[in-house]
Amino acid sequence: MRFSCYLVLFLCSTFSFSQDFQYSSLLINKELKDNANAVVRLDEMVVDILAQDNMIIKSKRVVTVFNKKGGKHVNAYAGYSNSTKVKFIKAVIYDALGNEIKKIKEKDFVDVSAVSGGTLYSDYRVKYIDYTPIGYPYTVVFEKEIQTKNTVTIPSWYFLDGYLVSVEKSIYTVNFPNEDLKPRIAKKNEEEYRVELDEKSNSKTYSLNNIKAIKFENHSPDFRYIFPRLQVAMTKFHYEGYNATLSNWNEMGKWMYRNLIKERLNLPESTKTTIRRMVKDAITDSEKARIVYNYVQENTRYISVQEGIGGIQPISAAEVDRVKYGDCKGLTNYTKALLDVVGVKSNYSRVYASRDKQIDVDEDFPSFLGQTNHVILNIPRENKEDIWLECTSQKIPFGFVGDFTDNRNVFVVDKDGGRIIKTSAYLEKQNLQKIEAKINLLLDGAIKASVLIETRGVQYDNRFYMEDLDRDKILEYYQDTWPNINNLVLEDYAFDNNKREVKFIEDININAKSYARPSGERMLFSPNALNKNSYVPKRYRSRKLPFQVQRGYLDVDSYIISIPEDYGIEALPEPIEIVSEFGEYKASVLEQEDGTLKYERLFLLKSGAYPKEKYGEYRNFRKKVSKNDKAQVVLIKK
Amino acid sequence: MNNFVKMAVLFCVFTQVSFAQEVKFGKVSKEELKEEFYAKDSTADAVVLFRKVNVSFKYIESQGFIIEKGVHERIKINNKGGFKYGTVVESLYQGAKSKESLVGLKAYTYNLNGKEIEKTKLKKSDTFSEESSKYYTKEKFTMPNLKEGSVIEYKYTVNSPFYSSFNEIILQYDIPIVEQEIEVAIPEYFTFKNMTKGYLRYTINESRKPGNITFTNKTRKVNGRMMSTEYSTSKLDYIINISSVVMKDVPALKKEVYVNSMNNYRSAIKYELQYTKFPNSSIENYSSTWESVVKKIYENDEFGNQLDFKKYYKEDLAHILLGKTSENEKMNAVFSHIQSRMHWNDIFGYSTDEGVKKAYGLKTGNVADINLILVSMLRAAGLNANPVLVSTRSNGVPLFPTRYGFNYVVAVVKIDGKNIFLDATSKYNKPNMLPVRALNWAGRIVEKGGVSSSVSLLPDNKSLESMMMEISISEEGNGKGKARRTCTDYIAYNFRVSNSELTEDTYLEKLEETYNGLEISEYQIKNKKELGKPVIESFSFNKENAAEIIDDKMYVSPLFWFAQEENPFKTEEREYPIDYAYPWLDKYIVAIKIPDGYKIESMPTSANITIGDGIGHFIFHIAKNESGFQVKSDLSINQGIISSQDYKGLKEFFKAIVEKQTEKVVLSKI
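Residue numbers (this note's numbering), protein chains in the order written: chain A, 43 to 680; chain B, 5 to 674.
Derived from the structure by calculation, the hints contain no laboratory data. There's no promise every hint is true.
What the hints assert, rightly or not - Below, a sample of chain B positions facing chain A; criterion: calculated Cβ distance under 7 Å: (1) Thr47; (2) Pro148; (3) Asn149; (4) Glu513; (5) Ile554; (6) Lys603; (7) Ser606; (8) Glu667; (9) Lys668; (10) Val670.
Cβ coordinates follow ideal geometry from the N, Cα and C atoms, glycine included.
So that you can see chain B by itself, here it is in the shape it has in the complex (with noise of 0.2 Å):
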């Protein structure tokens, strides 16, 4: 307790101090264009020295309250590689009645030009506006005279009429942050809340201050035969709660390999407008709990009214259900025709574009048009169907409530007690499989009315992929004999996505280069549509240079060409969690025999090795029988994420993986 009032104490000071040092603009110093790199990452191509971003509301009398976000950066260039920061984009959203504007731009580039310091103005001629497309223009420029130590600043404002759109303010960049100072101020009529993204940690200073808007009152006057206008003000006097963050040395994002996308890593503070409650007006909700944002959701025209609609698909319903008797064949004859005859136009998004009726004609639509579609349809065969909320993967994780944290929805039956999930915009899943893209922790379950609760969205059954194999080698060292693959649920999901409209020739051609140049022939493979069931191959093949001959000794590698030679994971520590998606089991079962006239000299022993609290798993089993020996290999990671705190584990496991898997059997002759 005492420590902490310190370090509360401690805080008030550090922040006095950051304040006390005001950066104004244009006043940049020669020490900040002599310094050469930034003491804390030396490799940072640019550093951001200063930034500032004021959020205000402005009250303008035609347009209602607008917001204005007012940006001021000073930047630090280092070297070549920095340059890019002396371009700067800003998005611009434009509505049908109105749009996002960027005003009040002034930048300078300086250098320092023996001991002067030589200042370079943007000019009118270097900026550029382009319409990117119907919704979006692109306001650019890029600094003049840019060299390498060159300190660059700018400063502009963009007002925007969308306040309920407020989103986000990104406190972390992909270079280093010096300092910065970000401050928001809202209305009293106006209540957001606020969340913290990321991994960096800073306090939200809290503080209020008086506002006030001077409305213009016209007045029309009869006196006697005059007749004048009177023009009156009445002033408006209101709270405004200020939100600040000051931060100092704000390390630059880094990039980690299986990591699903850097950007929900990336520190931001979230806005989420909750409500609005302006004078002699009652409370308009946007969303506080998880209850209202469902509920938001749920009433607005193109989610809940269209799990309504029932006539559009009525007699194809009849005609599907004919014959079915199981909830469980209900469910899978009424997917199986929305899959195959909805076709999704790549669209995202929880609310329907076309509307379901429409798109049901089409064939085609956005998520929410299919898969409402679906929860619709399952409900009229009288199933216990209810939509489920997702953020995508590239959406990142909705750890609060918020609606600009959904941006997907998928369908899910009850059935005997378990959760059933189904998307039909992928033409290549099964039930209770969602792509890749949804798998994303949790969702939320819309139940009729609007009630809702979350769902947990990470698949529990591990993706199999399994080779068996016989193969004899010749005394030459080639080898020569046949494999069966299977391959489950995301495995053969995958397979599907990437192998299904390649010819077989195509497919073979890479399928040999995958194994390192195997010849392959009499290939089968069986269920390659039919997407309940597993994809079995099958082929013959003979591969030269299978074993290593030296002198008079043969050396095999037991797990030939599908051991893992290379150890995936190689920095030395880690940040963010090891994302897979899903969990999995890779199963070989190979049966070697040795030619004739060799025996086995020396074999790997078996090894058995677990991590963590089960999250991985290796078997490696070796054993000799009349012909030569045998081998099996499994290895399984039981988690679809896995923690950076067991990262070190992991990279160790998948050490001793590598080694088992490549040591080699030596065979010499009798």
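So here's chain A without its partners, still in its complex pose (with noise of 0.2 Å):
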């Protein structure tokens, strides 16, 4: 036995010799294996500024996957467009011991188009390999040469890019001709990391060894505001066409103003006309805006094309109203162009949307393309909050963005010059939900109820498409809700959907069999039955990384339970009052005097960004709240 372990050792390191063995993987690290799928070998990217508008990206991805999951890390693919060519691609496989298994050259990778779902058409392709692994662990070495014209696209670089994976060796490095070609660099997030800096007159390289791999844990900030990277950006660059100078917010909102808004601002004579006809008894602006939104939202929808420079510029408002479409960008356009129509001033904005991440784009590092992924419409206002418009849905009230993009700074692209500013925002108790309901338990333990929901601020958002769903899709959202509520029966709805004050009333009347349990003489039922939270974060071991509640809110519940009357109260939960930093929590249950119960909770949920310690709190609140939400009334056959 002990013999073949020498054969064994004996023959790998004979491979070594003449193998390559540096794509051996049984030689990493153990700590990088720790939690790792896969490891990265290797990941090294060379950006060759030639010119103003000509960049080359070379770049080498060495990657050893250890199982399924890990395939993902990989990463062997090239994006192109009409602008940006992929010179040279190849991929080669190696086995554990480093023997080159497979070589896949420029033919033999898949080459599609890369069109995301929700957009129509667009001419970034993309090329990737199709690879089955045969074995695992597995090296991929991966290797490609970009050139460009946009050196505006100059990437930016993680260290680590992703969770449950590893790095031995990341190394980023720009080469540029003179001073003016130079792209600022801004390190993020590199406290608990060493990045090295080699700077020479015409070069900067980055580097950053051995970066252990990180599991994801629910509840953890953002990857953009864990992960080591940098920020890159050119000052002086070439886009589809246009060169420009700029190094800051002020600067760049004057430049995309005059160059891709201002000429396609013009509307048709008769919508003009229109509009303003429309507008005509309106006497503030904040009003004229409502006229000018709701008449986009009549007449508008979304669709997404992209295509070269439309990546950026929007398509004009003249086309817009022609065909009534466009995507994000051609539809605040629109809208903006009917606003100045009728003397309303407004910015078109660029901003990150996401429903569950603000992500605010970075003040302090200006760039042109980076940090956002969407537009909206900025209403400038003296001595009072600015109106935002989402101008993509056909639905939403006017003024709310909801929780797609608000509280968080955006790019206002104003033509006296840009600027940071940030969203409207909706905060915890703006979020409310109040809840008031007449429960008749009936003597066979079904109930009835009379249940008013009334919703605000996010939690608003999150109700008012109900609106628009049939029969069995409500009665399937309350099954969903209420899960606690078998055999649930929605007798009737009116729903209320107040635009103005951005506030939905659900009026419902609904019936259940069998909500209480009769055991013996006694009779169980909850009394909390339309608001249970029953929620509590996942228990980790060893909690590495800090964690936030994203988004805070507000219930009330006030409920009127009527009890059959062969029966009596034996026992009632005891009223409960819960203080913490994470929020606040109240319920009590109290007979009244006519005999029926009056059940009232209060929920107050806090937004905030905690350290990993208070982890084990924040569950213990939760712990709490999902407790006592399940308390039981005990009745008793008189």
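Two independent chains are provided; combine them into the complex using the hints.
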């Protein structure tokens, strides 16, 4: 037995001389294997800026994959378009010992359109390898060379580019011919890492070695705020036919307005007349804007087409007016054009839109394209909060942006100078849900209830779409919302979507058999029938990352419960009140003079960012809420 | 009989009426624009007012026959949710030499502007052509000036040289269709079989009409010293067989839960080319019966032939079979060799891609590459092994003889008169357990020479999940104990598929979350990788608030966090079968020790419920013992697929289960 061990070792070492031993996966540092489905052995990029409109990007990425899940870290692909060419691309696969098992040449790469869901057409394409692993671990060496005129697209760099993957060596180099074409580079999240910089007169090289894998944990901040990375931008650049030199938000705003927007605001006379006529009785700018916004919502829809400069420049307002559709850029610009006609100032604004992450445009790092994925419209107001319009939705109320773009820094393209502004925020108590109900508990344990639900803020955002659902879907919604009520029957419903106050009201009547369970002489039931919050954050054996509650809200419940005459009350849950730094919780159920029960509940969840040490406390808070929400009333036969 | 005649007469009248109302392209009425919703389905976001599909064959001298599919659709957009029907995408196939094309697109949007009808034309610049991959191009367009209440209308023709792959015409959309006319005109040289799919009823009317092809003949003539070229034409007459369908008020296809793929239930006419017989040439067979379909597949170089190559694995086989004597041992050895050696590239198909020899060397291939190697090797080992053609769940159920009905192949070995199915494309299934994707009613065993017979693929042994738990409850209502969970068959397979690559910590975090915040320690797992054996997990646990204390009483849910608290079936009615894929059994045995100073005041009663002819069975047994009480709960579903007729029974069955499992045991102080 011992002998064969030696033999294996011996074989390995002989292989190592004849083969490319550097690609063997046997010698990877143990620390890098912990929690890693793959190890990036080398991730190297060299950006050669040859001229304002000529950039070559060479990269080499070597990844050892330990299992199926690790396959996604290979990242052997190259995107291209009419303005970005793939000059060279190649991949070689090695087995665990470093023996070459497959070579993939340019023609063997799969070449497909890179149209994402929701986009009708785009000229972006991608080449990628389609490789079926025949054993683990294996190593992929992937090299590519890309050339583009669009120097503005200079890539930023992630030293670590995912969870459950570690990195041996990551290097980013940029070569530039002169100071004018030297990119601006900012290091981010480097506190726990030692990023090394080697700076020469015509180049800069950043490197970081031995980065351990990070495990994803619920409620952790977005990876952009955790992973070590570089933000890179050109001050003097070329983009789709344009040359520009822009180093701050102010200039960038002016430039974008002048070159990308100004010429695209024309509208046909007929439309101008229509819109002028529509606003003629409106007095304030806000009223005019409301009418214009309503007109846009009634007359357009969202269709995305991305081609060449169209990736950043809106299609013209006249074109939107003809076809009555556009993407976020086109529809925002169209709304702006209409507002211009009626004399209301507005600004085209770039934002990073996401429902579950509030990501700011980095005020300290101006960049032409970066950091955003969406466009909204800003209407500045004196001495009042600005109005923000989401022009791609035909349904959301005027001035309401919801959790898609709220409370984050956006880049406002003002013709007098661009700037960074924070959008409207929907905080804790503004995200209100109020439930009032009359619940009748019947002798056989069934309930009948009439329920009134009012939602505001982000909770409104999660509800108002219901008015468009059909009865089956609405029933399905309530059945999912109240999984604790089996056999739910929706007797009738009426919704009131008050767009002006941004308030949604559900007025419904329900009944359900066997809600309460008789056990012997007793009948048990949970007075909190309509708003059980059972969420308890997952336990981590040792939490590594800080956490945050992204979105706070307030729920207030008040139910009057009548109980069957044959029963008397045996036991009621004790009233409870919890106040913690994460929020507040109050619940009580009291017998009233007329023999009914009154259940009252308040749950306030605060938004906030916390260190990992507090995670246990946060879990405890949610556990207590969950437990008390399940509390039961015991009735006994008289 | 009399009734039938009446029906037939009625039907004739009915169809005549519908033919009488010719819908002309471009003639959109104000009524259509004014209509606010479709009375028969007021919730529809959009409604197809009229649809016409005309399929015909056209002869082109340089190419031969091509298929022309003319499409004309008129759609009413009722609300903003219907805007998505304003975008149309046609996927066109391109082969090495020829490709499909879309021609003659005309499209308009109609709106009512006051009293006037406003007509907006789709411009060329509003159409897009996207080369999605090597084989497909997508032609897309989206209608201009779309509003709530708009009517859109478009027509175009798709030309296809690939007549043998003419496959199906869909008759049902996700939105209702008020009226549609489908006409398929096929020259006598082609014999297609048509089959109906889905739940809608309709009649296919057959008729004939004459057709002809004019050929241009070029002849060179030498007349003395003069040379001239003369053109002459000749005409070939033939018969065109027409089948047509007229349908009114076709309901939208609505989604339901526990259905494998909604497309299996979408109504359509399927076409399958059976044979061609051109003038002066002999019959070429494509398919007509299951036997001939399978024979055609078998004769394919990428199928039958592949089974005969043996040399490439000869040495490996000899090695694998060393010391194996029984048929079972041999089968297991060959299966696990191929299962571990070969790595599936996620591509389906019953014909090989690389070919078995090359695939074996590369250690990767499509389904056929892998499973045909398996069959061949099993045969070489002296076993009675055959390939089985299968249609995966996503491909639909093959009810009629068709080559396109199959897209997958597995192996079967017959030992002592019993069929054992094998599929080496998945890493986590044992012999006689096909991956869920292949569990689709029946397959077709192909024996040597291409003789075939149908075989049921539905598993009949139950997949088991059993949980044994001992728990003692403290005076504070907290729980502490030990548990042991055993999974077999598909439950074990699912466990291995989803958890094999997780670290233990990550898995436990997930498990704790599933069990409502149970805190787990001393975790052990057995047979994580031994595919033939059940997965057995055991652990100790702590759980806060395992029982609820109200005043001086304690309320215990006898199955704790395992109780089924929610009925999975909520809708009143159901049209489609309930598809669990395999039969299963859920078993719980829980022994509960109650805290000192408490006694059992009341307990739920035991129960024993059966539904249908043994479709499902639920036993709940509860009894006191010295230290507390013991509960046993068995729930079994004995069929993988349950017909929609049994839906109401099944829903009631689960209602009873939920009620029983959530009833409480009441403890009171002594």
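Against the structure, the hints:
1. The restraint placing Thr47/B at the interface with chain A holds, with a minimum CB-CB distance near 4 Å, inside the 7 Å limit.
2. Because the smallest distance between the Cβ of Pro148/B and any Cβ of chain A comes to about 4 Å, under 7 Å, the interface hint for this residue holds.
3. Interface hint status for Asn149/B: upheld, as the beta-carbon distance to the closest one in chain A is roughly 4 Å, under 7 Å.
4. Annotation: Glu513/B was flagged as interfacial toward chain A, and the flag holds, the nearest CB pair being 6 Å apart, inside 7 Å.
5. Below 7 Å, beta-carbon pairs count as interface contacts, and Ile554/B has one with chain A at about 4 Å; its hint therefore holds.
6. Interface restraint check: Lys603/B against chain A, minimum CB-CB distance 13 Å, threshold 7 Å, status violated.
7. A least Cβ separation of about 3 Å between Ser606/B and chain A falls short of the 7 Å threshold, and the interface hint therefore holds.
8. The closest approach between the C-beta of Glu667/B and any C-beta of chain A is roughly 5 Å, which is under the 7 Å cut-off, so the hint is satisfied.
9. Checking Lys668/B against chain A by beta carbon gives a least distance of about 5 Å; that is within 7 Å, so the hint holds.
10. Taking 7 Å as the C-beta contact cut-off toward chain A, the hint placing Val670/B at the interface holds, the least distance being around 6 Å.
Checked against the numbered hints listed earlier, the structure breaks hint 6 alone; every other hint is satisfied.
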